[in-house]
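Undergrad: Below are the chains, spelled out letter by letter.
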Amino acid sequence: MKKVLLQSAVTAAISMSLMTTVNAQDNSSLDIGRLAIAGYGDVTYISQPSMKDEEGNDVQNNVVARFVPIFLFQMSEKIHIEAEIEFSTNAEGETETELEYANMHYFFNNNTIITAGNFLLPFGQFGANLHPSWINKAVSNPGLYGGHGGNGSLGGITSILGDTGISIANIWDLGDVGRIFTNFYTVSGPRQEEGNHGGGVEMEAKKGDNNGSMAFGGRVAYAFLPEWEIGVSYYTGEYSDDGDLNYSAYNIDFNWIGSYASVRGEIFGSSAETEGETEPKVEGEHGEEWVKDFDKNGWYIQGTWQARQLGKAWLNPVEFVVRYSDIKSDFDGSIGHDFEEDAGKIGSRMYYGVNYWLEPSAVLKLGAESTSIDNEGAGHGGIVDDRVFLQLAFGF
Amino acid sequence: MKLVQLLLPFIIVTSIGASSISAFSVQAQHVSDPSLVAQGAKIFSENCGRCHNARPAEEYSKMEWSVVIPHMRAKAHMTGKEALAVEAFLGSTLTSDIRNTVSHEKSDAPKRTGAVLVAQFGCQGCHQIKGEGGTLGPALDDVISNKGEAFVLKKLANPKFNNAASAMPKYPINKEDMKAIVAFLKH
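Residue numbers (full-length UniProt numbering), protein chains in the order written: chain A, 1 to 396; chain B, 1 to 187.
Rather than coming from a laboratory, the hints here were simulated on the basis of the structure. Model, not experiment: these values are computed from the prediction. Mixed in with the good hints there might be a few duds.
Claimed, not checked - Distance windows between CB atoms, simulated:
1. A:N90 <-> B:T113: 52 to 60 Å
2. A:V354 <-> B:G148: 28 to 36 Å
3. B:S145 <-> A:L358: 29 to 37 Å
4. B:E149 <-> A:I85: 47 to 55 Å
Claimed, not checked - List of simulated lysine-lysine pairs, DSSO-like, C-alpha gap at most 27 Å:
5. A:K312 <-> B:K154
6. B:K111 <-> B:K154
7. B:K179 <-> A:K312
8. B:K160 <-> A:K312
9. A:K312 <-> B:K147
10. B:K154 <-> B:K186
11. A:K312 <-> B:K186
12. A:K281 <-> A:K292
13. B:K147 <-> B:K179
14. B:K155 <-> B:K186
15. B:K155 <-> B:K175
16. B:K186 <-> B:K147
17. B:K154 <-> B:K175
18. B:K111 <-> B:K155
19. B:K155 <-> A:K312
20. A:K312 <-> B:K130
What the hints assert, rightly or not - Pulled from the structure, derived: some chain A residues nowhere near chain B, Cβ distances all over 10 Å:
21. Q48
22. N62
23. N90
24. E98
25. T164
26. T278
27. E289
28. V354
29. F389
30. L392
Beta carbons are placed, not taken as given, at the ideal position from N, Cα and C, and that holds for glycine.
Turn these sequences into a full structure, and let the hints steer you where they fit.
TA: This is the structure:
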């Protein structure tokens with residue numbers, strides 16, 4: 001039923017886009033270029049003297065760096081190609097290379113863009129638009145995005161970031177009352193983690209589709225610019241190798257942008273079907289098979305305030321950031337499974353930061369975060385999970 | 001899979017249809033069109049700051065912007081016409097010099113009034129004047145009485161002098177232009 005709704009929405013989006021006959025993009029008034037390189041990078045020092053790994057060993061303080069160029073190529077006024085590659089050093093000093101996305105935009109008409117290839121999925125705001133370090137006002141990611149650059153005891157919700165497929169984006173201008181953005185896509189979808197019997201979902205796009213079943217998703221947002229944007233996202237796909245277990249997720253995001261302050265947040269939930277069987281009543285026989293949902297959900301809210309509002313010249317580049325993240329999973333330990341590491345966690349994370357802007361796209365961030373795991377029976381229970389960050393982030 | 005099957009015929013049919021419309025039949029309106037520049041300034045002000053600090057035009061050359069804007073059109077959900085207006089705004093603020101310095105201190109060009117300059121460069125895209133305009137930057141009605149003429153002249157010459165993170169472009173204007181803008185803002 002959900003897929004039917006999504007299919008209907010996509011069909012409607014395409015059909016309505018046909019009604020517009022405006023050209024994809026009128027001729028530019030700039031000197032036309034072919035290639036541009038944009039992107040971002042950062043250097044981050046992390047101090048975490050109280051942290052221990054699962055064996056109780058000290059976790060080292062470390063310095064990590066990233067350089068993330070985006071290669072943009074304008075083939076014509078209707079076709080635009082882009083690719084982002086992340087080069088990074090990890091805590092062990094090794095260099096890692098990862099393709100973030102590589103895709104082609106086809107500017108179909110004034111309001112419609114078709115994208116094919118590997119792209120960042122429009123699921124919420126953080127993964128699609130806000131995660132680059134010079135855009136992310138905090139050094140770390142919201143707690144519920146623990147799977148994407150998260151750290152410590154608070155395991156995140158399986159992030160829906162990038163995948164390979166096709167999408168169609170539309171803009172519906174409502175005049176003075178705002179505008180609506182729609183974005184629907186179909187992609188390879190989630191996979192079952194190797195050696196896992198259910199519940200372990202991974203989103204590694206480079207591995208392709210494992211079960212011949214595509215995932216579907218979309219985001220519908222209402223924007224009243226320049227201040228408000230509220231979006232609802234949904235994603236669903238079969239992840240098990242035999243295609244009988246489903247992973248679905250939803251996200252509600254909002255942005256409020258003022259002249260000196262901003263508030264943004266997301267509510268994010270996921271549900272992964274997991275299967276197993278009960279203990280057999282008679283030794284040597286099979287138990288009763290079951291399928292249960294393994295749910296995780298969380299939310300975060302982040303506020304920023306620019307001290308230039310005070311009118312003191314020396315405070316103009318200073319910005320303060322506060323973020324609260326909350327996450328929980330409903331696994332109660334009754335299912336014996338491989339994902340116990342994240343089982344039954346109810347946790348929260350606070351982040352406080354001060355940013356000093358060196359340029360509009362270069363910032364020095366000082367931040368501290370503290371994580372609280374409320375149920376000590378879960379993994380990492382009782383271990384202090386605090387850290388201090390110093391980061392230089394830049395966009396180019 | 002069904003969705004792909006559903007999408008493909010639409011994409012093929014509509015692609016053929018779109019190409020028959022002629023993608024490039026409408027000529028660009030020139031950057032000297034003040035209404036287009038003002039519209040672009042407003043769109044720039046309203047959209048760029050949704051995710052990140054707005055970046056002053058001089059961070060890229062005109063040719064680089066022409067490639068970056070389609071990328072941002074997709075990211076920021078801008079229409080093609082809006083992207084064109086933003087390009088017009090950015091183009092209006094850039095010279096061919098990568099440092100965006102003006103080479104015509106002794107220009108034979110006719111003198112421009114402050115009102116013309118404010119309209120030409122789309123100042124109200126980011127600033128309110130008499131209640132009209134954007135909110136990315138501060139309102140300008142009382143800026144002369146509050147900050148003084150010297151401050152405004154310095155800000156026009158070097159927008160980052162008091163705030164390194166300022167998104168205000170360094171406009172290709174000479175001292176006479178700056179004085180004209182100050183005179184306009186006095187009234």
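Undergrad: All hints are to be evaluated individually against the structure, with a verdict given for each.
TA: Structure-based check of all given hints:
Against the hinted window of 52 to 60 Å, the Cβ-Cβ separation of N90 (chain A) and T113 (chain B) comes to about 59 Å, which satisfies the hint. Checked against the hint of 28 to 36 Å, the C-beta distance between V354 (chain A) and G148 (chain B) comes to roughly 30 Å, which is consistent with it. Checked against the hint of 29 to 37 Å, the pair S145 (chain B) and L358 (chain A) passes, with Cβ atoms roughly 31 Å apart. One distance hint, 47 to 55 Å for the beta-carbon pair E149 (chain B) and I85 (chain A), holds here, with the actual separation near 49 Å.
Taking the CA atoms of K312 (chain A) and K154 (chain B), the gap is about 17 Å. The hint holds against a cut of 27 Å. At most 27 Å may separate the alpha-carbon atoms for a hinted pair to count; K111 (chain B) and K154 (chain B) meet this at roughly 20 Å. With a CA separation close to 25 Å, the supplied pair K179 (chain B) and K312 (chain A) stays within the 27 Å bound. In summary, the hint linking K160 (chain B) to K312 (chain A) is supported, as the alpha carbons are separated by about 15 Å, within the 27 Å threshold.
Distance check on the hinted pair: K312 (chain A) and K147 (chain B) sit about 12 Å apart at the alpha-carbon level, within 27 Å; holds. A threshold of 27 Å between alpha carbons decides the hint, and for K154 (chain B) with K186 (chain B) the separation of about 16 Å falls inside it, so the pair holds. Of the supplied pair hints, the one linking K312 (chain A) and K186 (chain B) holds, its CA atoms being roughly 23 Å apart against a limit of 27 Å. Taken as a hint, the K281 (chain A) and K292 (chain A) pair is honoured in the structure, with Cα atoms around 20 Å apart against an allowance of 27 Å.
For a cut-off of 27 Å, the pair hint linking K147 (chain B) to K179 (chain B) stands: about 15 Å separates their Cα positions. Restraint check for K155 (chain B) and K186 (chain B): the C-alpha separation of about 16 Å stays at or below 27 Å, so the hint holds. Between K155 (chain B) and K175 (chain B) the alpha-carbon distance is near 12 Å, which keeps this suggested pair within the 27 Å criterion. Taking the CA atoms of K186 (chain B) and K147 (chain B), the gap is near 12 Å; set against the 27 Å cutoff, the hint holds.
Pair hint K154 (chain B) plus K175 (chain B) holds up; C-alpha atoms about 10 Å apart against a cutoff of 27 Å. Only pairs whose Cα atoms come within 27 Å are accepted, and K111 (chain B) paired with K155 (chain B) is accepted, the gap being roughly 21 Å. Between K155 (chain B) and K312 (chain A) the CA atoms are separated by roughly 15 Å; this keeps the pair inside 27 Å, and the hint holds. Among the hinted pairs, K312 (chain A) with K130 (chain B) is consistent with the structure: their alpha-carbon atoms are about 25 Å apart, no more than 27 Å.
Here Q48 (chain A) stays apart from chain B, with its beta-carbon at least about 28 Å from theirs, past the 10 Å limit. The Cβ of N62 (chain A) sits about 27 Å from the closest Cβ of chain B, beyond the 10 Å cut-off, so the non-interface label holds. Non-interface call for N90 (chain A) relative to chain B: holds, since the shortest CB-CB distance, roughly 26 Å, exceeds 10 Å. Under the 10 Å C-beta cut-off, the non-interface status given to E98 (chain A) relative to chain B holds; the minimum distance is some 20 Å.
No beta-carbon of chain B is positioned within 10 Å of the beta-carbon of T164 (chain A); the least distance is around 12 Å. The beta carbon of T278 (chain A) is kept farther than 10 Å from every beta carbon of chain B, the shortest such distance being approximately 34 Å. Against the 10 Å criterion, E289 (chain A) stays outside the reach of chain B, whose nearest CB is about 27 Å from its own CB. With a least beta-carbon separation of about 14 Å from chain B, V354 (chain A) lies farther than 10 Å from that chain, consistent with its non-interface assignment.
Against chain B, the non-interface label of F389 (chain A) holds: every CB pair exceeds 10 Å, the least being about 19 Å. With 10 Å as the threshold on Cβ separation, the claim that L392 (chain A) sits away from chain B holds: the shortest Cβ distance comes to roughly 14 Å.
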